[in-house]
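**Q** With the hints as constraints, model all of the structure from the sequences given.
Chains as they are written, first to last, in the numbering used here: chain A, 804 to 1084; chain B, 12 to 299.
Calculated directly from the structure, the hints in this document are not laboratory data. Warning: the hint list may mix true and false statements.
With a straight-line cut-off of 16 Å between C-alpha atoms, the simulated EDC-like cross-links for lysine to aspartate or glutamate are [claimed, not checked]:
id: 1; chain 1: B; residue 1: Lys255; chain 2: A; residue 2: Glu944
id: 2; chain 1: B; residue 1: Lys243; chain 2: B; residue 2: Glu272
id: 3; chain 1: A; residue 1: Lys1037; chain 2: B; residue 2: Asp258
id: 4; chain 1: A; residue 1: Lys967; chain 2: B; residue 2: Asp258
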Amino acid sequence: MLAKRLKTILPELSIEEAIEITKIYSISGELKKDGLITNRPFRMPHHTIPLNTIIGGGKIPKPGEISLAHYGVLFLDEIPEYSRNILEALREPLENKEIIINRLSGNYVFPCNCIFIASMNPCPCGNYGDEEKECKCTQLEIHKYLKKISGPLLDRIDMHIEVKRPKYEKLFAKAKSETSLEMRDRVNIAREIQKKRYKNYNIYSNSELNSKMIEEFCKLDGKSQIILEKAFEKLKLSARAYGKILKVARTIADLEEKENIEYRHIAEAIQYRSFDKKYDN
Amino acid sequence: MIIEYCSKLYPEKLRKIENPPSRLYVLGNEKILNDNAISVVGSRTNTRYGEKMCKLFTKGLVEYNINIISGLAIGIDEIAHKTCLENGGKTIAVLPSGLNNIYPSKNKELAKEILNNGGILISEYEPNTEANSKKFLERNRIVAGLGLGTLVVEAGYRSGTRVTVKYTVEQGKKVFCIPSNLDNIKGKSTNELIRKGAILVTKVDEIIEEYKDIEFTKKEIVHKDIFLNIPKELHNIYKILNEKPKDMNEIILLSGESVNEVNYKLMLLEMEGLIKELPGQRYIKGIN
Ligand SMILES: [Zn+2]
Chain A
804 MLAKRLKTIL PELSIEEAIE ITKIYSISGE LKKDGLITNR PFRMPHHTIP
854 LNTIIGGGKI PKPGEISLAH YGVLFLDEIP EYSRNILEAL REPLENKEII
904 INRLSGNYVF PCNCIFIASM NPCPCGNYGD EEKECKCTQL EIHKYLKKIS
954 GPLLDRIDMH IEVKRPKYEK LFAKAKSETS LEMRDRVNIA REIQKKRYKN
1004 YNIYSNSELN SKMIEEFCKL DGKSQIILEK AFEKLKLSAR AYGKILKVAR
1054 TIADLEEKEN IEYRHIAEAI QYRSFDKKYD N
Chain B
12 MIIEYCSKLY PEKLRKIENP PSRLYVLGNE KILNDNAISV VGSRTNTRYG
62 EKMCKLFTKG LVEYNINIIS GLAIGIDEIA HKTCLENGGK TIAVLPSGLN
112 NIYPSKNKEL AKEILNNGGI LISEYEPNTE ANSKKFLERN RIVAGLGLGT
162 LVVEAGYRSG TRVTVKYTVE QGKKVFCIPS NLDNIKGKST NELIRKGAIL
212 VTKVDEIIEE YKDIEFTKKE IVHKDIFLNI PKELHNIYKI LNEKPKDMNE
262 IILLSGESVN EVNYKLMLLE MEGLIKELPG QRYIKGIN
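**A** Quick look at the structure:
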């Protein structure tokens, strides 16, 4: 639900992006009709499909699901169901936004600059933390279930958010909220801000910032610094999580069209590391 | 203000103890010093259970128009003072330092709120005196002295609480203890005190029953929000939370604030240890 709706707030594809996507679909034989692909792809590979179908491979290497999601969304539903192999193999390409496949005939490089989304239950039975339904799992079972997702993989995910059953979503609909269209406008504005800011740096968005650039573009005032330090101590965050929080905070500030990251942006970005809080407890 | 031993403002109950202070330095509403009061004491490093029980019993005592006495320390002391204020009660803080040197300084805000809400701060020391470990124990005879009896919520093995209990017994007053699980280290002293004859209590009425010759009048509790060291921008969210877990979506709905605002504010409140996140993105209020 959430994952599918994400598509509706992403900016439209540029011509260059559309051409790149179409090429990938063409060589993988996935092109359903002639002409350019103009919609951002949404890929949701099942957990039973083999490793090379997800990350790419074959005798004559073909792009995998991760590349078919280029400039779009790759969604893994119920991520603990996927094999450890697959999850570990995803780590590098997600970080580098491309995948290199070595063959005797040479190296094949496929792009895979996608938004990665994964979902999971709070516990094996799905009821942990629910006020009405009783969770029947033991602490050990819950721990084992959460541990299926390795720390390094989690570190590569910018935001962890808990969502409720649909019942609550209906209730939630009454709350102050934006339409997808309004959101998309804000996303487009934030994109433009980022493009302009990074025009001399050969990158387009906050997600591409390296650690040196983070230092330059994600400067914090005293209050934000204190909040971040406190969070580090309390949640025992990794160095990678540190970068993620700053990038997300930068993006929240951009969405509000704010020049500088403010303490509330930092606090909100930390709030979206709910998994780190869980590991701590 | 200074109240000398010979003054008629000097609290009657304190006059009767073995070594009463020769003078009291007070700030606030001295008229309440002779009213019915119970001392609520316990560990500085209480558990969640201790917090819950402290709140429950304090509220119950306030309902019977009983003032709450404690030592303004962190942990059970501050929970007792604060809960008393939140339920419209009056509270007495006995300091281990002079009135110009409120100890711990973290609880200066709390001291201010005690004064704002008809309570009183008491010290037997010159206004500029600094707290020290001897004074921590010494002032406990006043904590015990001003009350009808002492309620111990949670206490570790070596603690000032045990000294307060000793004074309470010496003064011929009753000691009430809330029992704990055997595996709760913060419950070691309370369980042991029960074994040695302190009165085990499971509800406030059991404290009331022990004072047959006093007639307590019950009153309706009106909840009051007490914002201690909480920035103004967080008040709205903090107000919504209580001891019953509230779901993130409920908080968004009740606050009328945007998802972004609610998220950053919950984070800040959690960092300050004012609220706690439970499984399922639910939040509750709580010190520590
Ligand atoms: Zn379960």
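**Q** Of the numbered hints stated previously, which ones are contradicted by the structure, given in increasing order?
**A** 1, 3
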